[in-house]
Amino acid sequence: MKTAVINIPTRTPHLCSVLTGFVMLEKQGVLKLKINSGADLPMKGLMEVLIDGKRLAYDMLDGYNYTSEQEINTYLETCDYFFKRSFSTELNGKIFPTNNNKIYRWGFNYLTTCDGNNYFNNDPDKKLIETVNLFRGRKPLKYFTYDKFEKEPDYSGEPKILFMTRLWDRSQTSEKNLDGINSMRIELVKALRKEYPNNSMSGIYDGLTARKICPELILPSGVTNRSRYLETMKSADICIASTGLHGSIGWKTGEYIAASRAIISERMNYEVTGDFEIGKNFLEFGSVDECMSRIDLLMKNPDKIYEMKKNNRRYYQNYLRPDVQLSNSLKTAGIEL
Numbered sequence: 001m002k003t004a005v006i007n008i009p010t011r012t013p014h015l016c017s018v019l020t021g022f023v024m025l026e027k028q029g030v031l032k033l034k035i036n037s038g039a040d041l042p043m044k045g046l047m048e049v050l051i052d053g054k055r056l057a058y059d060m061l062d063g064y065n066y067t068s069e070q071e072i073n074t075y076l077e078t079c080d081y082f083f084k085r086s087f088s089t090e091l092n093g094k095i096f097p098t099n100n101n102k103i104y105r106w107g108f109n110y111l112t113t114c115d116g117n118n119y120f121n122n123d124p125d126k127k128l129i130e131t132v133n134l135f136r137g138r139k140p141l142k143y144f145t146y147d148k149f150e151k152e153p154d155y156s157g158e159p160k161i162l163f164m165t166r167l168w169d170r171s172q173t174s175e176k177n178l179d180g181i182n183s184m185r186i187e188l189v190k191a192l193r194k195e196y197p198n199n200s201m202s203g204i205y206d207g208l209t210a211r212k213i214c215p216e217l218i219l220p221s222g223v224t225n226r227s228r229y230l231e232t233m234k235s236a237d238i239c240i241a242s243t244g245l246h247g248s249i250g251w252k253t254g255e256y257i258a259a260s261r262a263i264i265s266e267r268m269n270y271e272v273t274g275d276f277e278i279g280k281n282f283l284e285f286g287s288v289d290e291c292m293s294r295i296d297l298l299m300k301n302p303d304k305i306y307e308m309k310k311n312n313r314r315y316y317q318n319y320l321r322p323d324v325q326l327s328n329s330l331k332t333a334g335i336e337l
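If you're matching positions, the sequence shown starts at 1 in my numbering and goes up one per residue.
Be aware that a few hints might be false.
To be verified - Distance condition first, Cα-Cα at most 30 Å in a straight line; then the derived BS3-like pairs of lysine-lysine: (1) K234 to K304; (2) K32 to K44; (3) K32 to K331.
Unchecked claim - Label-pair distances were calculated between CB atoms; the ranges are: (4) K280 to N199: 22 to 30 Å; (5) T232 to G274: 22 to 30 Å; (6) S235 to R211: 22 to 30 Å.
It is worth saying that the hints were derived from the structure and are not from the lab. Computed from a prediction, not measured in an experiment: that's the story for all the values here. Yeah, the Cβ is synthetic: ideal placement off N, Cα and C, and Gly gets one too.
Please model the entire structure based on the sequences and the hints provided.
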């Protein structure tokens, strides 16, 4: 049995699902793990694995928001395989021209764990705040195991729509068109509440920016706590996905796939693994009018929604369940378990 030595710098949530995949494989008895925390790596969203004489790196950063591209390029020299969540063939060639052949797609990312993932499930620095949050009805990370997101495809003759999103401010992103991004999200929530008042759950997460410009659209905390959100998400049929920080694919997209939901997404800036295709797994939009048009199309065609749900279930089983996603990366690296 092979041993994987995992060097991880910190408990950043971006890396949780990657380590979850490794822990699941260990629990299946096909791999042994040795975890070294506090590793000195070029950034917090990076984890490296030494296995079978190879160095694999997992980059879960939002976009290409590197503090130092040169530092990452220097690190790439030491790697055999570099799996990147926000993957662009074009940008890889421009930013890492001498090492882009080492960079491979990782695919979607979302915050999930499994039993036995003690590094993330038992964070001593968060014990007090988790106790307080639990008293307030907010469950800790260890509750949100991968199976909690899963749901079999189901048919509904009266489809329901979900769009819960947040607004960004200047302290969170370098996005140049920030006002345009926030404006489209606000207008989309308004359109959904107007056109589908009885068939949609839509609104904005609480935050300073939301309080300033659209307090009437803020969702109550009882709706947005993660366990309640999961229930709502899995009861919806059509889930709308917005772009994440620095143009990345938002984590909600991964959650929607895990739950076998039909998806309408903002145009994706990055490439993913497998056969995740427009029209088959999701519909895309670039404006409020386009999104409403896609919604109308699906609302009038429950059979199409059901077919998309089934396609996303197959995609999840083949590419996104944490142990499968991790196993696929090892196979790409020529490592057989």
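>> Please verify whether K32 and K331 have alpha carbons no more than 30 Å apart.
In response: holds, 17 Å
> Does the Cβ pair K280, N199 satisfy 22 to 30 Å?
Replying inline: The hinted range 22 to 30 Å holds for K280 and N199, with Cβ atoms some 24 Å apart.
> Hey, K234 versus K304, does the alpha-carbon distance stay inside 30 Å?
Replying inline: holds, 18 Å
> Is the distance from the Cβ of S235 to the Cβ of R211 consistent with 22 to 30 Å?
Replying inline: holds, 28 Å
>> Check the hint pairing K32 with K44 against an upper bound of 30 Å on the C-alpha distance.
In response: This hinted pair holds, its Cα atoms lying about 24 Å apart.
>> Taking the Cβ atom of T232 and the Cβ atom of G274, is their distance within the range 22 to 30 Å?
In response: Holds: the Cβ-Cβ distance is about 27 Å, inside 22 to 30 Å.
No hint from the list above goes unmet by this structure.
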